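Chains A and B, in that order, give the protein sequences. First residue of the first sequence: 1, per the numbering used here; consecutive thereafter. First residue of the second sequence: 1, per the numbering used here; consecutive thereafter.
Derived by calculation from the structure, the hints in this document are not laboratory data. Everything numeric in this text was worked out from a predicted model, so none of it was measured. Every residue, glycine too, gets a C-beta built ideally from N, C-alpha and C. Warning: the hint list may mix true and false statements.
Claimed, not checked - Selected chain A positions facing chain B (Cβ under 10 Å, derived; list incomplete):
#1 38
#2 42
#3 49
Said to hold, decoys possible - Per label pair, the in silico range of CB-to-CB distance:
#4 B:274 with A:67: 39 to 49 Å
#5 A:19 with B:299: 49 to 59 Å
#6 B:3 with A:65: 20 to 30 Å
#7 A:67 with B:42: 53 to 63 Å
#8 B:171 with A:64: 28 to 38 Å
#9 B:28 with A:28: 34 to 44 Å
#10 A:65 with B:43: 46 to 56 Å
#11 A:67 with B:376: 56 to 66 Å
#12 A:19 with B:361: 17 to 27 Å
#13 A:19 with B:384: 37 to 47 Å
#14 B:145 with A:67: 17 to 27 Å
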Amino acid sequence: MNDPIREAVYEALRAATGGSVALSDDTRIMGELGLTSVAVLDFVLEIEDRLDIAIPLDRVAGVETIGDLVAKVSEIKREG
Amino acid sequence: MALFDQFVSLAEAYRGLQSRPYNPFDIAFDAILSPTEARLQGRQILLLGTNNYLGLTHDPTVIAAAVEATREFGSGTTGSRIANGSYAGHRALERALADFYGRRHAMVFTTGYQANLGILSAIAGKNDHLILDADSHASIYDGARLGLAPVTRFRHNDADDLARRLRRLASLPGDKFIVVEGIYSMLGDTAPLRELVEVKRQWNAYLVVDEAHSLGVLGASGRGLAEAAGVESDVDFIVGTFSKSLGGVGGFCVSDVEGFEVLRIASRPYMFTASLPPAVIAATAAALRQLRMRPELRHRLTEHARRLHQGLADAGFELGPEPNPIVSAIMPSPEAAFALWTRLLEAGLYTNVSLPPATPKGLALLRSSVSAAHTRDEIDAAIAMFAEAGRAVGVIAPARASTAGGAT
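Isolated chain A, as found in the complex (with noise of 0.2 Å):
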């Protein structure tokens, strides 16, 4: 796993959930970690931290999975 966007998600869900959680790129963020979508916006702010970047909440607001928070994380990366 060498791609730091992916590292900066996995360590930001891990400091979120307290590592209770056995986290894949299907995992399900809302449903399956339990996290409430206030925790899933503060979880935002912990990604932009560790990135230096600004993700629009709209940008975010359909994603599911792990997976596709990667994915839209590095797609906000590669513009900025």
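Put chain B on the given structure of chain A with help from the hints.
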């Protein structure tokens, strides 16, 4: 998939509440006897969760103004200001608000929620940027979503974090709009407005302050946090509501920004909704006069807020950080919040339960708000009921007398 399947877990949680003797999200008072007393299922209840900060809902001049306006102009306007015309009262109230704030422009909206929708969706275009305090009210989030500007958040009340996020946006074109609140409605804490203004100046951004819970509460004239912090000239848009200290319903925005009036034909939540009825407009104008003429109401409110905050802290409750008129006790769980809320109501005290996602950081809160109309005895009675109920449901330690000599 059946209709409403997306709300299955929500509906399940709500059904659980409906099996309780009282549901905190479905209370209906039989009568409101005064700003601080109501009748509920035949019992008289002390109200400590109304946002009726100045107690003006029952002020005789406010009620008389509403009655007279109804007689003169009828029960409703039956339309929007753009399509069906304003009444004299709408304009008069806008002038009164502009005068109170010392601003050139004022716009009145039909609710405080719509004021945020109407302003935030319209001031920032698709190439601009909205940066919201993370703990912002739902109306701020919804207003931001209604517009076309990209939305990012900064960590609650953290000016350094705001600066970091503005730096990241600095290379992008477009105006930047920072949105914060005077007093935050969940924990009753205030924004560090002077520090935020420094950042705003440094990055040449606009600043919007929602004074919903601070109008009539903070500042030497009651204009809110911007006045109290001495930074009014740095705040580009002040948004507020009539439904708290002014005892009515409706919202407003005041500003000196050039060209502001175009929002009357550009802001959809202003244009495509019925305007406030004559009674509400007249009552709000009368309440604003009371707010300006009677600073003693604000002083009494502050005194009660400090007394309640201190009393609950002394009783052992973990509270929001500042003694403002919203006093929130942090509960260990939603179940504890329901248990304490129910016990208090049975004892004759009405408060509010606040749960995620309305609350920050997943907190469960037992939330109170004081009024200038409370007496000191009522505040003391509320503190005593809190202490008794808190011990009974186990959210605070038993009274010291009963554990003397025991292990801690």
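Return the numbers of the hints above that this structure violates; sort them in rising order. none
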